[in-house]
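Respectively, the protein sequence lines represent chains F and D. Under this note's numbering, the first sequence has 211 at position 211, and the numbering climbs by one with no breaks. Under this note's numbering, the second sequence has 246 at position 32, and the numbering climbs by one with no breaks.
Think of the hints as simulated: they come from the structure by calculation, not from any bench. Treat the hints with caution; some may be incorrect.
In silico lysine-lysine, DSSO-like type, Cα no more than 30 Å apart, as pairs [stated by the list, open to error]:
#1 F/35 to D/460
#2 F/31 to D/257
#3 F/185 to F/35
#4 F/185 to D/454
#5 D/257 to F/185
#6 D/257 to D/454
#7 D/223 to D/460
Estimated spans, in silico, between C-beta atoms of each pair [said to hold, decoys possible]:
#8 F/199 to D/491: 34 to 42 Å
#9 D/531 to F/64: 17 to 25 Å
#10 F/55 to D/285: 36 to 44 Å
#11 D/602 to F/196: 39 to 47 Å
#12 D/493 to F/136: 32 to 40 Å
The beta-carbon is built from N, C-alpha and C at its ideal position, and this holds for glycine as well.
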Amino acid sequence: MEAFTVMTAVAAPMLRDNIDTDIIIPSREMKTVSKTGLSPGLFAGWRYTAIGGREPNPEFVLNQPAYAQTRILLGGSNFGCGSSREHAVWALHEYGIRAVIAPSFSPIFHGNCIRNGIVPVTLAASDIAAMAAYVAEAPQAHRVTVDLRSGEVSAGTALRYAFALEGEAREMLLEGLDAIDLTLKHRVAIQDFIDRDRRERPWIYFETSSGGAS
Amino acid sequence: MSARTLFDKLWDAHVVQDLGGGVALIAIDRIFLHERTGSVALKSLRTSGRALFDPTRVFCTMDHIVDTLPGRGDSTLMPGGSQFILETREAAREAGIRLFDVQDPLQGIVHVISPELGIVLPGATVVCPDSHTCTQGALGAFAWGIGSTEAEHALATGTLRMSRPRTLRVNFEGVLPQGVTAKDMALALISAHGSVGGNGYAVEFAGSAVRALEVEARLTLCNMATEFSAVTGFIAPDEKTFEYLKGRDGAPRGAMWDQALQQWRELVSDEGAVFDREITVHVDELAPMVTWGTSPQQAMPVTGTVPEAAAAGSSAEAHARALGYMGLEAGQSLTELSIGAAFLGSCTNSRISDLRRAAAILRGRRVASGVRAICVPGSMSVKRQAEAEGLDVIFREAGFEWREAGCSMCFFAGGESFGHRQRVISSTNRNFESRQGPETRTHIASPEVVAASAVTGRITDPRTLVVANDLAGHDLAGGRL
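The following block holds chain D by itself, in its conformation from the complex (with noise of 0.2 Å):
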């Protein structure tokens, strides 16, 4: 057989069905689902009359609405944000599928849960009703985000109908240089490419700045491929992956494990193998990222200065927007900017490895006066190991806000919102306008960037702060489904 990418065997490893002109029947392995989104799609199934095609491949949680404050239940700040949470409560109890409601001690963000407690494994297939669940790719899975029409396709047939993307892969080589992580390879990649510049690409993430990522940096990188446009980014499953997966509660044991992970090594990218495009990125001189503008590619190195003209493919018109919105002069210093927020969160950034590399930042400093500053672990386990390693200890003293998982501040539905005009540093995907906020000012960037603009007030770069470097904890250790 001719070389294959590793897109090529994901791909044909779930056909079904060859449905001509390109369009493949292609086989789902799990189906996660949100209040937001999931809920609609399981009401529409449920009004339609038909049955979920298998419910012990489906799940379920409770993170977009649900509030992060201490003591939170069914009721949210977001206006009639509790009818989701209510309906897609009967919504799963009678589809019957495992649902991580709100007081679930699993409870969590999607893309955190998912891979935390092994319900994405190499090689399977995974859906969900949300743009972010290109995520989960980093355990060499394809997963994609779909519309809730198409979730309801796949909860009715265990099957969804697609056109095969086109493969690009992007080499990430060289050392990142201390202090600079996957996010910051995730901007870098996307400002000099452009937001659309993977559009209706499968890519794969690869080469040796790759390779020297952890498992959870790999997730912060695989989750902003939907901000470039693609339908998915993925990395090959390698020994890291394994050693992540194994024990946790959805990852096969004994005999099983050992006939998987023969599987699993095959899941690369054949020498020889030929993609429709390709990009290199060299890591050695990548400095951490922040974004200037309001979209994810209007990027830059927190050392330089905001650029004077559109970069290739934007107009002059949206340069001179962005910067208007932000309240920006070209030619200008990132890190003269005040602060009046920094949230560390969200599906890209809150895993305990985010958490322990910002509190190394934050031990034995204060969050500068005048500045809000929250962090909300994306999953209870998160949580709870934080609280275990004396996270939450450094977070709190530090004048942070310490909250329970969820999708929280990083998008406003509503209810909690930073201020008009505020400007927050922000560990998430998205500075959209009013994402955060109306007309809040987001700049997305690292934890670390994140920790250290929040002590000192204006955005910083964080290899200025002396760091503590005694925090390396343990791995975090799953739970039962």
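The following block holds chain F by itself, in its conformation from the complex (with noise of 0.2 Å):
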């Protein structure tokens, strides 16, 4: 996974609340059993005149030339609710999305940002608005800096707002660690813990169970 450390970009405010990964990537544009190939199908939903069609609604803020290049997303409360598909945040980071800013997220895509390279940035909403107004004026030039080691968001010179992440979720992506590499380092731990449960709660385990971590 791709490190993240500082980003200065062009940034699309989208404040409606409850924003769900059906309307990042409706079903019917997950078409194959793949993490890729699934831009095209980003906010199909709003982004294209027809369903199943390509051509652009020129209205959709991110078909707009002003913002051409958009990395970060201002988003609504709830933002990525609903079905748990990763593929929205996949769709998301293969667009060019590298942070998203809102009031409150989905647990879920929450995590999948993290385990994605995608910042997701808790604001108040009064907070996200004011940068979305400054955006608004010349998105090109009025660039939002997400800048993940000092946690800080700002934008011109009078915005600046601190954020945190929970628990190991700024150095995964600081670092843009993998998960699964660093959970194998405590195989020994996991095996102690099966061979101690397998006694306390025999009936989780069946009978042909290896147990063994790879």
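Dock chain to chain to rebuild the complex, using the hints, since each chain is given by itself in its own frame.
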């Protein structure tokens, strides 16, 4: 996974609450068993004039020339709610989005962002609205900076907000770490747990269980 | 030891290692996959060259993409859908995991078959790349939805790295009035506290009204925890839970059952345990609920009128937009609304008790003309049980389509859908824009409301219809894993 430290980029406001994963990538756009090739389906229901079509809807924010090269989304509350589909995050990433700033996130979507190098930034709705207003004045010039090292989002000289990420999310993103590799370093602890647990809760395990970490 | 919440006990029992900063390596007891999001996890794991940690504790079903029309096979109405079925079958075979394939007599929706087969057990951790995995918390398990990358992590390591969620207890107190159900409890909670009301919490559902619920109704309540933005929902297991599980194929037997029971009886929040937050909902005055808008929080009693103003936490713009999408006006009564379709199914409300209650309303009645009505049992076991009780005859004679098991038209995936701007009364969990089809207008409600509305052709309070109540059947037997 690619590391994220700091980025200054065009940000697009999509302040509607409850932008669910089926809006981010409609189920009908998940055409193959794959993590790639999903970005053409990103926001398909809003982005194109017809279902299944590819004619751009000029009213959709990401289709507007002013928002070319958008890398940051300014969202509403409960961003990424609905289906757990990670395809939403894969599509955002493939399109080029590296940070989503919203008042709240669905827990599953939040986790999916962290596992794929997208920074989920939680800020108050009023702060996001202030940034959206600033950005809208001149999207290409009024860029937004997300600095994961300092835990700060800023835009222009006046707007500056601190944010936090729980647990190890910040480190995972900063270092671009692969969680499976990290966890497999704990093979011995995992096996010790299983050996102990098998005695305490034998009904959890099945007869032919190998129980060995690879 | 100081008083602990049930969640503390579930968490502590699964900590393999404290990783610092509130993060722990949590042991995963059961992994469930389905063809929509599990296939990609299996494929990615195979590409990485890593092995499954323990294939005997991994299960997979075909529920999301598979057709539910009679005579179904590997081809689907969803364009490209068969690829998901074929690749999942191949990946499951290679991985050596138990697959509930299209023609398997135990096939069904993951959150219906897992409890039915005793795969989920009290005190177990259960994950699935599916947001409604919280359903399974109803048996006293810690069950939650994850992404496909996390599923791959669990498959490879038998663990997940997690930040410990905060705890919220929702106390439902009182006695549910006749005709009011677990679905209505969930919608009442979410409409009162918002669709982010439970954001980030592990939510324990407790109180006298929860204790009074049967296991299948508890599954319905916990199913909706994700619509509350919770990490999970769960209920302390009790004698009803144990009675439900006893004899199911995945449940322990003999001396091991007794040993398990002894441990499971400890799975309660101790007297005096402190939660990060508590909410109380009084159920005595609850009415059947129906959503009027495009978020589960936009719900109201079927007897009420569409709210004039946005609820706290929602903007006037969002309120107006939802009204526009749904073709409604503030102050309108929902019972005036004609429907074009009625859907009974989904991981929320497709179990045998749901079908029995709907059938009790439908017996001797006909679906109103112009209404397309569909019943999709949650599993093939539910379907067989319903047929053994003659419920299928009641549904068919009433004018319902009687389907094979699966998620079906709970969501639109490019195949079957309801019509453009068609108004649908649905026993499902999401009324998002275009969820059931392009610009389809979904009202979610209990099976009772769905059945009653199908009959009258407009959204209907089921308590206004006389109901046969001689349809109490026997508990659904499980099957062999």
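Against the structure, the hints:
{"no.": "1", "hint": "F/35 to D/460", "in the structure": "violated, 41 Å"}
{"no.": "2", "hint": "F/31 to D/257", "in the structure": "holds, 15 Å"}
{"no.": "3", "hint": "F/185 to F/35", "in the structure": "holds, 26 Å"}
{"no.": "4", "hint": "F/185 to D/454", "in the structure": "violated, 42 Å"}
{"no.": "5", "hint": "D/257 to F/185", "in the structure": "holds, 23 Å"}
{"no.": "6", "hint": "D/257 to D/454", "in the structure": "violated, 39 Å"}
{"no.": "7", "hint": "D/223 to D/460", "in the structure": "holds, 23 Å"}
{"no.": "8", "hint": "F/199 to D/491: 34 to 42 Å", "in the structure": "holds, 36 Å"}
{"no.": "9", "hint": "D/531 to F/64: 17 to 25 Å", "in the structure": "holds, 20 Å"}
{"no.": "10", "hint": "F/55 to D/285: 36 to 44 Å", "in the structure": "holds, 37 Å"}
{"no.": "11", "hint": "D/602 to F/196: 39 to 47 Å", "in the structure": "holds, 44 Å"}
{"no.": "12", "hint": "D/493 to F/136: 32 to 40 Å", "in the structure": "holds, 38 Å"}
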